[in-house]
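Can you build the whole structure from these sequences, using the hints too?
First to last, the protein sequences are chains A and B. Note that my numbering has the first sequence beginning at -9, numbered continuously upward. Note that my numbering has the second sequence beginning at -9, numbered continuously upward.
Treat the hints with care, as some may be off.
Derived coverage of chain B by chain A (criterion: at least 3 residues anywhere in the stretch with Cβ under 8 Å from a Cβ of chain A; other residues may be distant) [as the list claims (entries may be wrong)]: (1) 65 to 73; (2) 114 to 121; (3) 139 to 151.
Under 10 Å between C-beta atoms, here's a sample of chain A residues computed to sit facing chain B [unchecked claim]: (4) Ile70; (5) Phe73; (6) Ala103; (7) Glu117; (8) Arg140; (9) Thr150; (10) Ala151; (11) Phe218; (12) Tyr229.
To be clear, the hints were calculated from the coordinates, so they are not data collected in a lab. Quick caveat: nothing in here was measured; it's all calculated off a predicted structure. Just so it is clear, CB atoms sit at the ideal spot from N, CA and C, and this is done for glycine as well.
Protein chains: 2
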Amino acid sequence: MPDQALNPSCENHANKPPAVILLSGGLDSSTVLAMAQRQGFACHTLAFDYGQRHRNELDACTHIASSMNAASHRIFNLDIGSFGGSALTADIEVPKDREESNMTDIPITYVPARNLVFLSIALAYAETLGSTDLFIGANAIDYSGYPDCRPEFIASFNETANLATKLGVGGNTISVHTPLLEMTKAQIIQVGTELGVDYSMTHSCYDPSPSGGACGRCDSCILRRAGFEQAGIKDPTNYA
Amino acid sequence: MPDQALNPSCENHANKPPAVILLSGGLDSSTVLAMAQRQGFACHTLAFDYGQRHRNELDACTHIASSMNAASHRIFNLDIGSFGGSALTADIEVPKDREESNMTDIPITYVPARNLVFLSIALAYAETLGSTDLFIGANAIDYSGYPDCRPEFIASFNETANLATKLGVGGNTISVHTPLLEMTKAQIIQVGTELGVDYSMTHSCYDPSPSGGACGRCDSCILRRAGFEQAGIKDPTNYA
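Written out as structure tokens, the structure reads:
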């Protein structure tokens, strides 16, 4: 497992409380990283190599963690992709040109129990760091209809996390932070831009071209493009 | 990931509802497998290679799954051991000769958020199998004081599981079965013996000798040995 101690000396991360930030390489989690840093946390970013079909997002994660001065960055190997059942991990075509209004159906890009698995491992990692704070860029407004992005899932997971761990049982309160949960994509882009996030580093497309260009037609591209338009901010995405 | 289709033809597993059984190679999970089979499930066993210091339990899992005619067996690689923080995965001495009455303290053999991570991945696997039933040998009576073996954790996880998945949101009810939760070790051994479990195949020791013999002195050995004594059943364990 690559574990990079990024800029351990030039920034005094040691005086800040540690937090674990789930990083996907996309627009949302990069914004969450900036928000957690603004809140004063030493941010330990965690990305998952879960058998996704393209590696662009893992490369983006590493670039973002380094550029945004994360306290450390880990890529965790997790072979849930081998279970199959999703267009993001199996050889199933990514849907294109869906209407935003139809995105409340759970699409084939859903990965079984992904956020639950990611958050559970992030919690295990946090516990070894002595951290009670997890950040995830879940969003229940401009999203693809995944059940594990909904507020009721996050709240239930947070409750379970406090019962699952020595840290929780020991009188500490674990907090699962979802600062984007009720924000539109445009609002997220506005906040991130104010915090200095360079969105040209981020990768959202579910089905990029071999050269890494975004397709512009999958759910993720459609939501991203509309977000920049609504925010009135220039979209730095390289569309293929 | 090894994925063994065990006896796919000689037993008609296809007509039974599928269930995922977490298998650790120990006494409890083997008994749970027998109980789930008795209930009529096609049992897909799932073991984790999570960086535990000794491999005996994974070998035991494979042997048990095959001998007990599981529908399939998987070993899932999961590098939570690299996070450290437990005597079961890091180079920390396993405690010996603890009094059973003191085992309510959480010991150093606790692995951060282990059952939450295991159950989350089991749920992802179950969802791809179209299964709504998970079985885990958690026990809150004769146990080592781990927070993630308590009934309140299991109940909370079950609730989260139904919110986390397409399966749960789709009107199905996911059930996390913990048939051993309120049983003593002696009762577990009695039930398993009635169901024909061969406990000589199972491995419980946290700190086996190089030849695989059980130490007889770690928490797990102490609880196991006392269980056989109380059940009045001959202990088949090979103590080093």
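Now the hints, each set against the structure:
1. 65 to 73: holds (count 7)
2. 114 to 121: holds (count 4)
3. 139 to 151: As far as the region 139 to 151 of chain B goes, the hint holds, because 8 residues have Cβ atoms under 8 Å from chain A.
4. Ile70: The hint holds - Ile70 of chain A has a Cβ within 10 Å of chain B, the shortest such distance being about 5 Å.
5. Phe73: holds (4 Å)
6. Ala103: holds (4 Å)
7. Glu117: holds (4 Å)
8. Arg140: Holds, because the Cβ-Cβ distance from Arg140 of chain A to chain B comes to roughly 7 Å (cut-off 10 Å).
9. Thr150: Where the cut-off is 10 Å and the nearest Cβ of chain B is about 4 Å from Thr150 of chain A, the hint holds.
10. Ala151: Result: holds, 7 Å to nearest chain B Cβ.
11. Phe218: Because about 30 Å separates Phe218 of chain A from the closest Cβ in chain B, which is outside the 10 Å limit, the hint is violated.
12. Tyr229: Result: violated, 30 Å to nearest chain B Cβ.
Comparing the model with each earlier hint shows violations of hints 11, 12; every other hint is respected.
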